[in-house]
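K.L.:
Spelled out, the chains give:
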Amino acid sequence: MTGGIVVGGWEFVWAAYGLTFLALGAFGTSIALRLRAAKRQSAEEER
Amino acid sequence: MAFDALPQPSVKAPKVAAGLIAAAVVLLGVGSYIGLFVAPPEHFMGEVQRIMYVHVPTAWNAMLALTFAFVSALFVAFKQDWKWDARLEAWLEIGVVLSFLLCMQGSIWAKPTWGVWWDWDPRLTTTAVLCFAFVGILALRRFVEDPVKRATWSAVATIVAYVDVPIVYFSVKWWNSLHQTQSTPQTVSSAMVTPLRINAFGILFLMIGLAILRSQLARRKLASEMAAPLPETANVGGVA
Chain A
0 MTGGIVVGGW EFVWAAYGLT FLALGAFGTS IALRLRAAKR QSAEEER
Chain B
0 MAFDALPQPS VKAPKVAAGL IAAAVVLLGV GSYIGLFVAP PEHFMGEVQR
50 IMYVHVPTAW NAMLALTFAF VSALFVAFKQ DWKWDARLEA WLEIGVVLSF
100 LLCMQGSIWA KPTWGVWWDW DPRLTTTAVL CFAFVGILAL RRFVEDPVKR
150 ATWSAVATIV AYVDVPIVYF SVKWWNSLHQ TQSTPQTVSS AMVTPLRINA
200 FGILFLMIGL AILRSQLARR KLASEMAAPL PETANVGGVA
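Heads up: the protein sequence lines correspond to chains A and B, in order. Residues 0 to 46, numbered by numbering that gives the first Met the number 0, are exactly what the first sequence covers, in order. Residues 0 to 239, numbered by numbering that gives the first Met the number 0, are exactly what the second sequence covers, in order.
Honestly, the hints are just simulated from the structure, not real lab data. Predicted model, so just to flag it, every value in this text is computed and none were measured. Incorrect hints may appear among the rest.
[To be verified] Just a sample of chain B residues kept apart from chain A, beta carbon distances all over 10 Å, derived: (1) Val-37; (2) Arg-141; (3) Val-162; (4) Asp-163; (5) Val-171.
[Stated by the list, open to error] In the SDA-like style, the derived pairs of lysine to any residue whose C-alpha atoms are separated by at most 25 Å in a straight line are: (6) B/Lys-78 x B/Ser-189; (7) B/Lys-220 x A/Arg-46; (8) B/Lys-110 x A/Glu-10.
From the three backbone atoms N, C-alpha and C, an ideal C-beta is built for every residue, glycine too.
Starting from the given sequences, assemble the full structure and let the hints guide the process.
P.N.:
Given below as structure tokens:
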């Protein structure tokens with residue numbers, strides 16, 4: 000910081016965006032995988 | 000009234016969810032591109048202010064997800080419908096993920112602007128309380144085996160925990176907070192409003208799409224859990 004003005008800081012910007020998309024992507028993938036497993040389980044139960 | 004018919008998983012819902020998620024990916028791509036490369040840097044915070052284009056939409060949608068959880072909890076409590084219990088589970092999980100993400104984004108933004116990763120300021124403290132309260136409700140759902148008790152108790156706990164949501168929202172107005180007050184189109188430059196709105200709709204569509212899928216998952220789990228157990232001795236050929 001220089002005289003109350005933040006200089007640079009792109010690494011924080013990339014970290015925030017990277018974390019956001021990583022977390023949302025991982026959560027979405029987790030739901031898709033759990034849903035697929037549940038579908039497989041209910042198909043086995045029906046058999 | 001009591002819990003009765005189990006909702007069947009919908010055939011149409013996954014297609015609607017896929018459409019919403021696809022739209023969300025496009026919106027978030029466009030919004031983030033504008034936020035990172037087109038919008039001007041802010042005068043005092045410089046480039047670091049670009050974190051706002053993901054942080055503020057996450058905050059709005061986290062509060063909205065927990066509001067949907069609250070509404071679902073009211074329906075569970077007063078209508079005792081499994082469909083709303085599945086929705087409650089979906090919105091709770093999404094609300095918790097977005098709230099934790101919100102805290103982490105805020106922490107990354109705090110370091111270059113406040114000089115610390117975390118401060119026990121009213122906004123941050125009430126948000127942390129919110130995260131842990133709703134994680135507690137997810138844990139409650141995990142550990143209670145009886146579906147009726149699980150639905151009822153988690154609905155009541157959600158209604159109680161939701162009291163913290165307006166406290167989080169108004170914390171920056173009620174107390175002398177380090178965190179800035181809410182941004183509105185009147186307080187943000189028009190060049191900055193566009194990526195903010197695009198990302199807000201992107202996260203909104205994404206969370207609705209994920210909520211639809213997560214609710215379908217909860218319905219399947221519930222159906223499997225409540226399926227009648229197989230008889231211990233099979234009566235083959237009708238002969239006892």
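K.L.:
Now, for every hint given, state plainly whether the structure supports it.
P.N.:
Hint check:
Every beta carbon of chain A lies more than 10 Å from that of B/Val-37, the smallest distance being close to 14 Å; the non-interface claim holds. With a closest Cβ-Cβ approach of about 14 Å to chain A, B/Arg-141 is found to remain outside the 10 Å limit, as its non-interface label requires. Remark: the non-interface label on B/Val-162 is consistent with the geometry, its nearest Cβ contact in chain A lying 26 Å away (cut-off 10 Å). B/Asp-163, annotated as away from the interface, keeps every beta carbon of chain A farther than 10 Å; the closest lies near 22 Å.
Listed as a non-interface residue, B/Val-171 keeps its Cβ farther than 10 Å from every Cβ of chain A; the least gap is roughly 20 Å. The straight-line distance between the Cα atoms of B/Lys-78 and B/Ser-189 is roughly 44 Å, outside the 25 Å bound, and the hint therefore fails. Distance hint between B/Lys-220 and A/Arg-46 is fulfilled; the C-alpha atoms sit about 17 Å from each other, no more than 25 Å. Among the hinted pairs, B/Lys-110 with A/Glu-10 is consistent with the structure: their alpha-carbon atoms are about 11 Å apart, no more than 25 Å.
Hint compliance for this structure: hint 6 alone is broken.
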